[in-house]
Structures are given as C-alpha cells and as structure tokens.
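Now for the letters of each chain:
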Amino acid sequence: MFIKGVGMTKFGIQEDASVHMVYEASIEALDDADMSMEAVEAIVVSNNDVMSNGERQRHSTSLLSSLFQNKIPIVSVPAGCAGGGTALWTATRLYKSGYNNILVNGFEKMVSNISAKITDEMLMGAERIYEQTEGMNFPAQNALVAQQYMQQSDATLD
Amino acid sequence: MIIRWVCEKCSKKWIYPVEKCVYCKGGITKQKGSKLKVTGITKVVIPSPMHPIIPYSILLLQDEFGNRMPRKTMKDYKIGDAFVLEKAKTKDAVSVVKVKYDIYEAIKEAVDLLDFQLEKSDKILIKPSIITAAYPYQAVNTNPGFLEALIRILLDYGIKKENMLVTEQALIGSDVMDAASKAGILEVCKQHSINFADISKGPFEEIEADGFKLKIYKEALRRKIINAPIMKTNFQIGISGALENLSRLADEETQRNMYYGGIDIALPKLAKCLDAFTVADATNGLQAQGPLALGEPSFLNLVYAGHNPASLDVVFCEATVTELPLYVSNSLSSDVKSIEVVGNELDALKYPLKQPMPHETAHPDIKVMDGKACPACLSLMINLTSKLVGLRGDQINLVMGSQIDENALKKERVVVLGDCAIKKLDEKGIKDFVKIGENLDTIEQLVLLRKLLETKGAPKITPVDKVKSKMKKLLSKVMS
Numbered sequence: 109m110f111i112k113g114v115g116m117t118k119f120g121i122q123e124d125a126s127v128h129m130v131y132e133a134s135i136e137a138l139d140d141a142d143m144s145m146e147a148v149e150a151i152v153v154s155n156n157d158v159m160s161n162g163e164r165q166r167h168s169t170s171l172l173s174s175l176f177q178n179k180i181p182i183v184s185v186p187a188g189c190a191g192g193g194t195a196l197w198t199a200t201r202l203y204k205s206g207y208n209n210i211l212v213n214g215f216e217k218m219v220s221n222i223s224a225k226i227t228d229e230m231l232m233g234a235e236r237i238y239e240q241t242e243g244m245n246f247p248a249q250n251a252l253v254a255q256q257y258m259q260q261s262d263a264t265l266d
Numbered sequence: 016m017i018i019r020w021v022c023e024k025c026s027k028k029w030i031y032p033v034e035k036c037v038y039c040k041g042g043i044t045k046q047k048g049s050k051l052k053v054t055g056i057t058k059v060v061i062p063s064p065m066h067p068i069i070p071y072s073i074l075l076l077q078d079e080f081g082n083r084m085p086r087k088t089m090k091d092y093k094i095g096d097a098f099v100l101e102k103a104k105t106k107d108a109v110s111v112v113k114v115k116y117d118i119y120e121a122i123k124e125a126v127d128l129l130d131f132q133l134e135k136s137d138k139i140l141i142k143p144s145i146i147t148a149a150y151p152y153q154a155v156n157t158n159p160g161f162l163e164a165l166i167r168i169l170l171d172y173g174i175k176k177e178n179m180l181v182t183e184q185a186l187i188g189s190d191v192m193d194a195a196s197k198a199g200i201l202e203v204c205k206q207h208s209i210n211f212a213d214i215s216k217g218p219f220e221e222i223e224a225d226g227f228k229l230k231i232y233k234e235a236l237r238r239k240i241i242n243a244p245i246m247k248t249n250f251q252i253g254i255s256g257a258l259e260n261l262s263r264l265a266d267e268e269t270q271r272n273m274y275y276g277g278i279d280i281a282l283p284k285l286a287k288c289l290d291a292f293t294v295a296d297a298t299n300g301l302q303a304q305g306p307l308a309l310g311e312p313s314f315l316n317l318v319y320a321g322h323n324p325a326s327l328d329v330v331f332c333e334a335t336v337t338e339l340p341l342y343v344s345n346s347l348s349s350d351v352k353s354i355e356v357v358g359n360e361l362d363a364l365k366y367p368l369k370q371p372m373p374h375e376t377a378h379p380d381i382k383v384m385d386g387k388a389c390p391a392c393l394s395l396m397i398n399l400t401s402k403l404v405g406l407r408g409d410q411i412n413l414v415m416g417s418q419i420d421e422n423a424l425k426k427e428r429v430v431v432l433g434d435c436a437i438k439k440l441d442e443k444g445i446k447d448f449v450k451i452g453e454n455l456d457t458i459e460q461l462v463l464l465r466k467l468l469e470t471k472g473a474p475k476i477t478p479v480d481k482v483k484s485k486m487k488k489l490l491s492k493v494m495s
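Which chain is which? The protein sequence lines are A and B, in order.
Taken in order, the first sequence gives residues 109 to 266; the numbers are from this note's numbering.
Taken in order, the second sequence gives residues 16 to 495; the numbers are from this note's numbering.
Keep in mind the hints are simulated off the structure, nothing from the lab.
Among the hints, erroneous ones may be present.
[Unchecked claim] In silico lysine-lysine, DSSO-like type, Cα no more than 30 Å apart, as pairs: (1) B:Lys233 / B:Lys216; (2) B:Lys446 / B:Lys402; (3) B:Lys216 / B:Lys45; (4) B:Lys90 / A:Lys225; (5) A:Lys225 / B:Lys58; (6) B:Lys24 / A:Lys225; (7) A:Lys225 / B:Lys115; (8) A:Lys217 / B:Lys58; (9) B:Lys369 / A:Lys217; (10) B:Lys58 / B:Lys24; (11) B:Lys230 / B:Lys175; (12) B:Lys58 / B:Lys138; (13) B:Lys135 / B:Lys106; (14) B:Lys365 / A:Lys225; (15) B:Lys488 / B:Lys450.
[Claimed, not checked] Over the 12 Å line for every Cβ pair with chain B, so calculated as not near, a few chain A residues: (16) Asp139; (17) Glu146; (18) Asn156; (19) Thr169; (20) Ala234; (21) Tyr238.
[What the hints assert, rightly or not] Among chain A residues calculated to face chain B with C-beta under 7 Å, some are: (22) Glu216; (23) Ser220; (24) Ala224; (25) Ile237; (26) Met244; (27) Leu252.
As the structure is a prediction and not an experimental result, all values here were calculated from the model.
Glycine residues also receive a C-beta, built at the ideal position from the N, C-alpha and C atoms.
Please construct the entire structure, taking both the sequences and the accompanying hints into account.
Here it is in structure tokens:
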C-alpha cells in the first residue's frame, strides 16, 4: 500500500467555492499519480466546514458526487482537526477490504467571514455546556493545557 | 460547584448524567465539589457572538475531588486563589446560574444564593408561563423539565404535594388545558400528583392599587407565589419575563383594562400587590419575534432567581443587551445600576439576543402597527395572519391596540384589528376606517381579511363581503 500521487491547493484566503478547491487538489493528485478518475474505486472525504462561509452544502459526499460523476462509494469521515489522518486511516481499511485505488480528500474553508463569527463556529467543535458557554475557544484551551503541563513539569517558556 | 457522575464500581466519571456505567454497568453517584481553587488562568482577546465583551479570562477551577471545570470571569485571579460564590447581601438581588447538565442543581444554587425561606406548612402557588399550545422545544412556555426540577426543590423544603398548586391561564382566546398538555406541563403535574388549575375559571377577588381596580385570582392572594416564567423577547412590550407573567394572575377584564389604559402604568401597580418569588426559566428562552411561536429558541442555558420581579427583568435585559421596557423601569424602586447580581458576573454573561422586528407578522404581506394591544387582540392577529400564510396580496397594515400612533393610520391600506383599537378610535371620533372586530366569528374574520389582502387599492368591506363571510361561517358549521 502506498500513496501514488498528491495534490493540494494553496493555504490562505481563497474565494473559490469548495468544490473548485476539491477539483484543483484532486486533478493535481491524479496527474501526479498518472491516473484518471476511471481507475478510482472509492473516495474518502473529511470535512466539517463552517456554517457562515456561504457554501451551505453540508452534505460533502453529494458535493463530491456531482464533481466526479461516477458510481463508486464515497465515505465521509468528519473529524475536525484530525480529519486528514482519519480519512487516510479509513482509506487503508478500504484498501484491505478490496478497494485498490482510493482518492482521499480533505477540505475546510475557514477564512470566509469576520473573525468573531468564525471564532464562534470553531468554538462549536468544543463541548457545549462547560467549554462553549465559558468562552473557552481553542487557543484558550491549548493555553490552559500548556500552563498545566508547565506547572506539572520543568518546562519553561524558553 | 463542580458536578460529576461517578461509577460506584469502577470510578469512571462523566460530566453529565448517565444511568449506569457503560463499562462495568455499575450504579452512578452524583459527586458535588464545593471547595474550589484556581489552578489555571488564560486571557481571551478575540470576541465572538456568545462572548462579545473582551478581554475576559478563563479560570481552570479544581475541587476537593480533583475535578476541574473552566469558568469565565472579568475579574483578576491568581493561581492558588480560592474561588467562592458570594451570597446576596440585598433583598432585590438577582442570582443567575448556568445550567451544567443539571437543572435541579442550577435552580437550587440560584435559590440558595438568595435569602429565601419557606415553612413546611406553606401553601404554594406555582405560576409558570403557558400562553399557547406549543411544544417545549419552541420555548414559548415554561419548560416542563424546569417545572419538574422546581417542584422537587419545593418538596426538598418539606412542602406537601397537596399544598402545591400549579396554575395559569393562556392568552385570552386560547385554552390553557390544551396549552399545558402540549407543553408537557400537565404530565409533570400528574407525575408528582400536584393539581393544575385554570386561572380563567377563578374565583377572583377585587383589590385596589393606586386607583386601579384589579381582580386577582384568589389563590394568589392566599398562597406564596413562586413565579416561574420563561424569559422571552416580546415584539409588543420588549420582553416577557417575571413581571409580564404576573399579569395573568388577573382576570380577563382586568387584563384588557390594563392594556387599554396603558400596560406601562398598570403592570407595575399589579406587581406591587403581589408577593412573588421568581425562579425564571432561561434554560432555553425565546428571541426575535417572541412571545409566541414566531420567536426562535435562544438556548441560553441559564436560571434567574430573585425576590423582585422588576430587578430580575432588568438583569435579563442587561445580560441579553435588550432595551429596558418602560413597564419594567416604572416598576423599579431603585437605580438600575444598583441591582446586585450574584452567581455570575453580568459582563461575563452578556450575550445579545436577536431582537424582534416590531411590524412583522407570520404573513409576508401583512404588517402590524401595534399600539400595545391586549392579549386578546394579539392572539387574534397571530391566528389570522398565520392562517393566511401561502396567499399573496398587496401589503396590508394592521393597526391594533389602544396606544395607537395616529401616523400609522395615514399609511396606505390600513385595517384596524381588534376591539382595543376600534374602541379607542371611536372615542377619538375617528370613524373612517376599515375594521375587523372581535364580535365576529373567526371564519368571518378570516374571510374578510383574505378579501382585503387579495383586493387591490383602498381596503373596503362591503355589505356583500359581510354576507359572504356569514355564509362561509354557516357553511362551515353545516359541514362540521
């Protein structure tokens, strides 16, 4: 089992629709692997996405289905920050169950609205009652974890 | 307080209630830590809609069992500090507590932070808000889970079931038994064998307050009142909360008179006559087009409590960044800024609710110019406009209520709706308007409003229209 080709859009602020970015990364990966979609037997996709980016299509498998237009399994494995690893892990399981060529996609369009709105949406990845209502966004969570680690170990800011 | 649900056999812990351990299937015990200290602090400088005021700090608190939880604060703390919630020092204080997966504990904490006493022999009247038939998720009525927890707390105080009475009347024109059934309130009463009474059936006792004659539900004058409103926006009067909920302890005639004479003056007088302790349901709460089902649930996750309903409403308005209604400020005996808030810091709670659009109805082509209409006219407007959804027409401007802005009458295609506005315009000698009164049957009202909506030009109800509407009413009676 090996990775035959990779493709990626540039990181940063983009106004392209998600489906265009999936297309761009996928065609690059297919070209890199010297393959066509004809040879792909399954697709794994990971996406959580935010509500306020104007896309509104939350069903990522149907989004990919309209792009690739072939009758093969498309499996969605949303897992937030662990999305890429989860999608690859799922692809290895699919390979072991008999699928030979698998296209693995991950996409998130995060920079698409004002900071306050996006911060709120990312906060929705956190626990609802203890974390969200106390305003514990992810930088704050990570800061508290690091602070606890420093208290319990010899680690310093240096 | 930090609560954990702990397996009695294998000691696994959950931050929310589970019935039994998912590993060893052992029983679960609630563990409550009360000696809290600060073990971590971080500062947040990015605002978000739920947390608009920055900077704020998040404390990591740890209890005597080693359990931890984050807590938002605007104050300065140091690692190692004790974290203690101060009890209220003033009678008009308001407590606000966040529900951490346990409504019972949140209500208990909100009550315990105030000076609240009950005798075991006390007779209690619980007054939830149940204004129309709606499911609990719609957040129009007090949540049944909230009422159930409140009843358990009163039982903890030693109050006997037979000395508790849950009582309410729906908006004039709606049936409270239907409403309480759909809202899940009757089921809670049945579960605890507590009586539910329809206030509209009386009896009432007339009392006088500053020249106002008020007919009040007799039981409310005999028992200790636990006012249990749901906190909502209200497109007519700003909010429906602690004070507004008390208005339905008066009979229908009094309610109509209160709104006709000016609710901003009448409601403070009624509230003064009643000794009510408020425990308010903001576990969900309603925003935007409240107080009925056009509003949206706001998922506030809070419990408010206080001896003074006006103070409680003030704190709710401050926390939700809502303009203070006149009837609330008229009910205050002290300065808004002097109200003590315990349980949470006000700035740390601030979360702007979606505010209502004052002229919107259920129908996109029917606007309303509200002159603080009574609940009967409000109910009429909501019922008629909801039933015409799906039919398009030229915009109609409904005018209702006694406090009419006469500029509203100068708009195009004005229709006066309900007896409050009709009576007020008659008193002013204004005769030249199209009206739909409460004396008509609902089907007649609906047929007439539909005709006005679908006809272009100046609205007009002809004798033929009136005959047609009566025929339609008769036909529907024959068919049924």
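Hints and how they fare:
1. A distance of roughly 11 Å separates the Cα atoms of B:Lys233 and B:Lys216; the hinted pair therefore holds under the 30 Å criterion.
2. For the hint linking B:Lys446 to B:Lys402, the alpha-carbon distance of about 28 Å falls within 30 Å, and the restraint holds.
3. Pair hint B:Lys216 plus B:Lys45 does not hold up; C-alpha atoms about 43 Å apart against a cutoff of 30 Å.
4. Proposed proximity of B:Lys90 and A:Lys225 is supported: the alpha carbons are some 25 Å apart, at most 30 Å.
5. A threshold of 30 Å between alpha carbons decides the hint, and for A:Lys225 with B:Lys58 the separation of about 19 Å falls inside it, so the pair holds.
6. For the given pair, B:Lys24 sits about 44 Å from A:Lys225 by alpha-carbon distance, which is inconsistent with the 30 Å threshold.
7. The straight-line distance between the Cα atoms of A:Lys225 and B:Lys115 is roughly 25 Å, inside the 30 Å bound, and the hint therefore holds.
8. Distance restraint check for A:Lys217 and B:Lys58: the Cα-Cα separation of roughly 27 Å lies within the 30 Å cut-off, and the hinted pair is therefore satisfied.
9. With a C-alpha separation of about 27 Å, the suggested pair B:Lys369 and A:Lys217 falls inside the 30 Å cut-off, and the hint holds.
10. Proximity of B:Lys58 to B:Lys24 is assessed by CA-CA distance (about 39 Å); at most 30 Å being required, the pair is judged violated.
11. Pair hint B:Lys230 plus B:Lys175 holds up; C-alpha atoms about 28 Å apart against a cutoff of 30 Å.
12. The straight-line distance between the Cα atoms of B:Lys58 and B:Lys138 is roughly 48 Å, outside the 30 Å bound, and the hint therefore fails.
13. About 22 Å separates the Cα atoms of B:Lys135 and B:Lys106, which keeps this hinted pair within 30 Å; it holds.
14. Note on B:Lys365 and A:Lys225: the hinted pairing holds, with a Cα-Cα distance of about 16 Å set against a maximum of 30 Å.
15. Restraint check for B:Lys488 and B:Lys450: satisfied, since their Cα atoms lie roughly 18 Å apart, inside the 30 Å limit.
16. Even its closest Cβ contact with chain B, about 40 Å, leaves A:Asp139 beyond 12 Å, as expected for a residue assigned away from the interface.
17. No beta-carbon of chain B comes within 12 Å of the beta-carbon of A:Glu146; the shortest separation is about 46 Å.
18. At roughly 17 Å from the closest C-beta of chain B, the C-beta of A:Asn156 stays outside 12 Å, upholding its exclusion from the interface.
19. Distance to chain B confirms A:Thr169 as a non-interface residue, since its nearest Cβ pair spans about 29 Å, more than 12 Å.
20. Interface exclusion of A:Ala234 from chain B breaks down, the closest Cβ pair being 10 Å apart, not more than 12 Å.
21. Some Cβ of chain B comes within 12 Å of the Cβ of A:Tyr238; the nearest lies about 5 Å off, and the non-interface call is violated.
22. Among the interface hints, the one on A:Glu216 is violated; its C-beta lies about 18 Å from the nearest C-beta in chain B, farther than the 7 Å criterion.
23. Checking A:Ser220 against chain B by beta carbon gives a least distance of about 16 Å; that is not within 7 Å, so the hint is violated.
24. Annotation: interface hint on A:Ala224 holds; nearest CB of chain B at approximately 5 Å, less than 7 Å.
25. The beta carbon of A:Ile237 comes within 6 Å of a beta carbon in chain B, closer than 7 Å, and the hint placing it at the interface holds.
26. Interface hint at A:Met244: satisfied, since its Cβ lies 5 Å from the closest Cβ of chain B, which is below the 7 Å cut-off.
27. Given the 7 Å rule on beta carbons, the hint for A:Leu252 holds: about 5 Å separates it from the nearest Cβ of chain B.
Going through the hint list in order, the structure does not satisfy hints 3, 6, 10, 12, 20, 21, 22, 23.
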